[in-house]
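Participant: Chain S: place on chain P using the hints.
Just so you know, the protein sequences line up as chains P and S, in that order.
Heads up: the first sequence begins at -10 in our numbering, then just goes up one per residue.
Heads up: the second sequence begins at 1296 in our numbering, then just goes up one per residue.
Since the hints were derived computationally from the structure, they do not count as laboratory data.
All values derive from a computational prediction rather than experimental measurement.
Some hints could be false.
With a Cα cut of at most 25 Å, we get these calculated SDA-like pairs of lysine to any residue [said to hold, decoys possible]:
| # | chain 1 | residue 1 | chain 2 | residue 2 |
| --- | --- | --- | --- | --- |
| 1 | S | Lys1335 | P | Arg62 |
| 2 | S | Lys1335 | P | Glu141 |
| 3 | S | Lys1335 | P | Val53 |
| 4 | S | Lys1335 | P | Trp271 |
Chain P residues, not near chain S, derived (Cβ > 10 Å throughout) [said to hold, decoys possible]:
| # | residue |
| --- | --- |
| 5 | Phe39 |
| 6 | Arg254 |
| 7 | Pro259 |
| 8 | Ala267 |
| 9 | Asp311 |
Note that CB positions come from ideal geometry on N, CA and C, so glycine has one too.
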Amino acid sequence: MASTRPDLTCPDEGRLRAHVDVTDDTVSAHVEACAACAARLDDLRASARFAARAIAGLDHGAPVDVDAAWAARPRPVTAGTSRAWWSGTTTGIAAAFVALLVAALMVVTPTGRQAAADFLSQFRAERLAVVTFDPDEPSAAMEGIDEIAEVEVDDEPPSAVADLDEAADVAGFAPTAVSALPDDARADQVVASPPSTVRLTFRSDLAPDLPEDLDGAKLMVQVPGSVVTTYALDGGQLFVAESDQLVVEAQGADLADIRTYVLSRPEVPPSLARQLLAIDDWTATLPVPVPVDSDAWRETTIAGHPGLVITDTMGSGVLWHDGERIHAVAGTGVDVDRLTRIADSVGG
Amino acid sequence: MADRFAEVFRLRYAEVVRLADRILGDRAEAEDVAQETLSKLAEHEVLARPDDEVRAWLRRVGVNASFNRLRGRRRGSDRMRRSAAADRPLLQPDTAGPQLAQMVRAEERDAVRAALARLPERQRACLLLRHSGYHYAEIARALGIAEGSVGVLLARGERAFRSHYEQGTTNGID
Chain P
-10 MASTRPDLTC
0 PDEGRLRAHV
10 DVTDDTVSAH
20 VEACAACAAR
30 LDDLRASARF
40 AARAIAGLDH
50 GAPVDVDAAW
60 AARPRPVTAG
70 TSRAWWSGTT
80 TGIAAAFVAL
90 LVAALMVVTP
100 TGRQAAADFL
110 SQFRAERLAV
120 VTFDPDEPSA
130 AMEGIDEIAE
140 VEVDDEPPSA
150 VADLDEAADV
160 AGFAPTAVSA
170 LPDDARADQV
180 VASPPSTVRL
190 TFRSDLAPDL
200 PEDLDGAKLM
210 VQVPGSVVTT
220 YALDGGQLFV
230 AESDQLVVEA
240 QGADLADIRT
250 YVLSRPEVPP
260 SLARQLLAID
270 DWTATLPVPV
280 PVDSDAWRET
290 TIAGHPGLVI
300 TDTMGSGVLW
310 HDGERIHAVA
320 GTGVDVDRLT
330 RIADSVGG
Chain S
1296 MADRFAEVFR
1306 LRYAEVVRLA
1316 DRILGDRAEA
1326 EDVAQETLSK
1336 LAEHEVLARP
1346 DDEVRAWLRR
1356 VGVNASFNRL
1366 RGRRRGSDRM
1376 RRSAAADRPL
1386 LQPDTAGPQL
1396 AQMVRAEERD
1406 AVRAALARLP
1416 ERQRACLLLR
1426 HSGYHYAEIA
1436 RALGIAEGSV
1446 GVLLARGERA
1456 FRSHYEQGTT
1466 NGID
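In isolation and in its complexed conformation, chain P is listed as follows (with noise of 0.2 Å):
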């Protein structure tokens, strides 16, 4: 009668760990056989079992009230029809503001040149330019990005302050005024974001194929803070922003390698990928994406800035670079015309 010989090749870590769960016969009998294994599968056995008992223990036990879960669910700002891509609740524009800029730097990583051994390189926004990107998957990239660095986020939520004095305090910056507001405007509500810091860490560990020479490289994304006024219109929504400037400086390694890298990741699409390596004076140039359904966006001048127009069938916005800040202001209800008089008093 033939009998079975135990495997002799060890199992991976892997196998091991995946048959304390579930009982692989071919690990069963290499164990009885290989007290090294023997000894690796009791320590993976008790680093299970010391998991299973601490994680069960962070549950609360509370019912959820799925009832109460469903009246308070948050619904579309206009009920059947599309939502605007800048727009959101007057709390959310602000962090749908920020939020963009930090996923413009996340995609577009920026480059430059390392000057020396420990160099420090910056990237500051000086212009905007648009990039398409699909809506079903607007956070792809951001996603993506844990995937092969290690993320951590220095900030705070926006919040209701009482007035641009109590903006300022928050956002580190005094915000412009507006001294052509339309007629019908009536304030409704100011938000303000304090600056934060996004720092990436590139790790092998996380991405196996990240070149030897991006291991440890750093990024600091400052993001800016930001004020966000809210005013009521006679039919309409008017919205104007106001950002500080964007700042991100890379540590240990080479810039232009890492923004390769990271365009040529699977997380970036292509289409992305390829808008964001066509712009050439990309160290000072901040991409603003725009959903590829977007009804149009064209560039304007606000002020004797360069800016761009960007419509679509909720509203539109004007957003531009003033040299110093980034500015916005979208409505709804409101035409294009309206939006560029609004936009060119702001400091004025």
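Facilitator: Coordinates of chain S only, in the frame set by chain P:
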């Protein structure tokens, strides 16, 4: 599609809350994450897909949203320590026994979260999903990894978790 969304919401909301709660340790924030996750689902094409795909999508998005919040509110172990201290009930002489037990449990939970927070993202997600009852195939689908990688992540994650936990409690970090 509205009926489909209502059906999924009622079926899966509590599951997402519990998963987020394990990561965040804050029921109210976990409910926010669940609302945010389900609200993304309402406008996502995956809603039209079969139930198991929707469930995997919800887990992945819910786990990511929870970790994003965890990172956002984390300011190192000092922040966690302050938070733990703020949540801790004051001892009253007539109920010192039960309150002491409650305090110990709260400290243990904080220590567990602190140890989890030190793990790489995928290992942490893998541990939480596995010890929330998910099978390897479900975890692989939720995290977008090969099923054969789940065991490796679990082995590394559990070993590191135990080490971080023991190190933390020995040093009095938590």
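Participant: Work down the list of hints and note, for each, if the structure agrees.
Facilitator: Here is what the structure says about each hint:
1. Lys1335(S) with Arg62(P): holds (11 Å)
2. Lys1335(S) with Glu141(P): Holds, at about 24 Å.
3. Lys1335(S) with Val53(P): Satisfied, since the Cα-Cα distance of roughly 20 Å is no more than 25 Å.
4. Lys1335(S) with Trp271(P): Distance of about 32 Å is beyond 25 Å: violated.
5. Phe39: violated (5 Å)
6. Arg254: holds (13 Å)
7. Pro259: At about 18 Å from chain S, Pro259(P) clears the 10 Å cut-off, so the statement holds.
8. Ala267: holds (29 Å)
9. Asp311: holds (29 Å)
Of the numbered hints given earlier, the model fails hints 4, 5; all others are met.
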